[in-house]
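As they're listed, the protein sequences go chains S and R. Quick note on the numbering used here: the first sequence kicks off at 4 and runs consecutively. Quick note on the numbering used here: the second sequence kicks off at 38 and runs consecutively.
Think of the hints as simulated: they come from the structure by calculation, not from any bench. None of these values were measured; they are calculated from a predicted model. Where a beta carbon is used, it is the ideal one built from N, C-alpha and C, also for glycine. Heads up, a few of these hints could be off.
Stated by the list, open to error - To give an idea of the interface, some chain S residues facing chain R are shown, with a C-beta separation under 8 angstroms as derived from the structure: (1) Gly45; (2) Leu46; (3) Glu105; (4) Tyr107; (5) Phe108.
What the hints assert, rightly or not - No more than 30 angstroms apart at the CA atoms, straight line, and that leaves these computed lysine-lysine pairs for DSS-like: (6) R/Lys108 / S/Lys60; (7) R/Lys94 / R/Lys141; (8) R/Lys54 / R/Lys92; (9) R/Lys96 / R/Lys54; (10) R/Lys54 / R/Lys100; (11) S/Lys12 / S/Lys60; (12) S/Lys60 / R/Lys141; (13) S/Lys12 / R/Lys141; (14) R/Lys108 / R/Lys141.
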Amino acid sequence: DSGVTQTPKHLITATGQRVTLRCSPRSGDLSVYWYQQSLDQGLQFLIQYYNGEERAKGNILERFSAQQFPDLHSELNLSSLELGDSALYFCASSGDRGTPYEQYFGPGTRLTVT
Amino acid sequence: SQKIEQNSEALNIQEGKTATLTCNYTNYSPAYLQWYRQDPGRGPVFLLLIRENEKEKRKERLKVTFDTTLKQSLFHITASQPADSATYLCVPGPDSGYALNFGKGTSLLVTP
Chain S
4 DSGVTQTPKH
14 LITATGQRVT
24 LRCSPRSGDL
34 SVYWYQQSLD
44 QGLQFLIQYY
54 NGEERAKGNI
64 LERFSAQQFP
74 DLHSELNLSS
84 LELGDSALYF
94 CASSGDRGTP
104 YEQYFGPGTR
114 LTVT
Chain R
38 SQKIEQNSEA
48 LNIQEGKTAT
58 LTCNYTNYSP
68 AYLQWYRQDP
78 GRGPVFLLLI
88 RENEKEKRKE
98 RLKVTFDTTL
108 KQSLFHITAS
118 QPADSATYLC
128 VPGPDSGYAL
138 NFGKGTSLLV
148 TP
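Using the sequences and the accompanying hints, generate a full structural model.
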């Protein structure tokens, strides 16, 4: 158990809809990262937050947004969903310096868009 | 832009042998390099981090080397077991900023 929690585990929704994925980092970790993994693909970095502020941005679509709250949990919002958004979404956290090494991953949220 | 290449093929070895996975990088010199393990449908698990001033690092049956001249890292699993079967990801530190490139990794299959 990495100490990172993600909810929900599974999400099935229709095209055009909006969903919110939630992540709670390990105790004491200030950084939260979001990744997307499509079938048989590598992890694609989406965005990083450090102590409530956006620190790095990857190939995140404009339809996607995220935030990190004062209690350090984070939410990833996906809107106007398309079939191609079906994927595993992972959240990871790392220590108190904001550097991206030694990341601890949650169990993921499997999103299916029909 | 930074480029990372891992063993392009899946690696199949027999139980008890040493598995060696290769990671080559070009166009930049990362300050550190990480190795992660990922099982199907699960999040990656951090294994080891090696810095550019370290030649070798060990953890139980795992050993990582970092050759900044060859721009290569080798990841060894000694006395491999079927439970070691997974995808292993080589993740160099970013050339700038904080975004990491995890890539697709190398699939290792250890057969009894």
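Status of each hint after checking the structure:
At a threshold of 8 angstroms, the smallest CB-CB gap from S/Gly45 to chain R is about 4 angstroms, leaving the interface hint in force. The interface hint given for S/Leu46 holds, since its Cβ lies 4 angstroms from the closest Cβ of chain R, which is under the 8 angstroms cut-off. Proximity of S/Glu105 to chain R holds as hinted, the smallest CB-CB distance being about 5 angstroms (cut-off 8 angstroms). At its closest, the beta carbon of S/Tyr107 sits 7 angstroms from a beta carbon of chain R; the interface hint therefore holds under the 8 angstroms criterion.
Hint status for S/Phe108: holds, given a least beta-carbon distance of 3 angstroms to chain R, under 8 angstroms. Taking the CA atoms of R/Lys108 and S/Lys60, the gap is near 27 angstroms; set against the 30 angstroms cutoff, the hint holds. Between R/Lys94 and R/Lys141 the CA atoms are separated by roughly 23 angstroms; this keeps the pair inside 30 angstroms, and the hint holds. A hinted pair counts as satisfied when its Cα atoms are at most 30 angstroms apart, and R/Lys54 with R/Lys92 qualifies at roughly 23 angstroms.
In summary, the hint linking R/Lys96 to R/Lys54 is supported, as the alpha carbons are separated by about 17 angstroms, within the 30 angstroms threshold. Of the pairs offered as hints, the one joining R/Lys54 and R/Lys100 holds, with about 14 angstroms between alpha carbons and a cut-off of 30 angstroms not exceeded. This hinted pair checks out: S/Lys12 and S/Lys60 have alpha carbons roughly 24 angstroms apart, not beyond 30 angstroms. Simply put, S/Lys60 and R/Lys141 have alpha-carbon atoms about 20 angstroms apart, close enough for the 30 angstroms limit, and the pair holds.
Between S/Lys12 and R/Lys141 the alpha-carbon distance is near 23 angstroms, which keeps this suggested pair within the 30 angstroms criterion. Distance check on the hinted pair: R/Lys108 and R/Lys141 sit about 19 angstroms apart at the alpha-carbon level, within 30 angstroms; holds.
In this structure, every one of the numbered hints holds.
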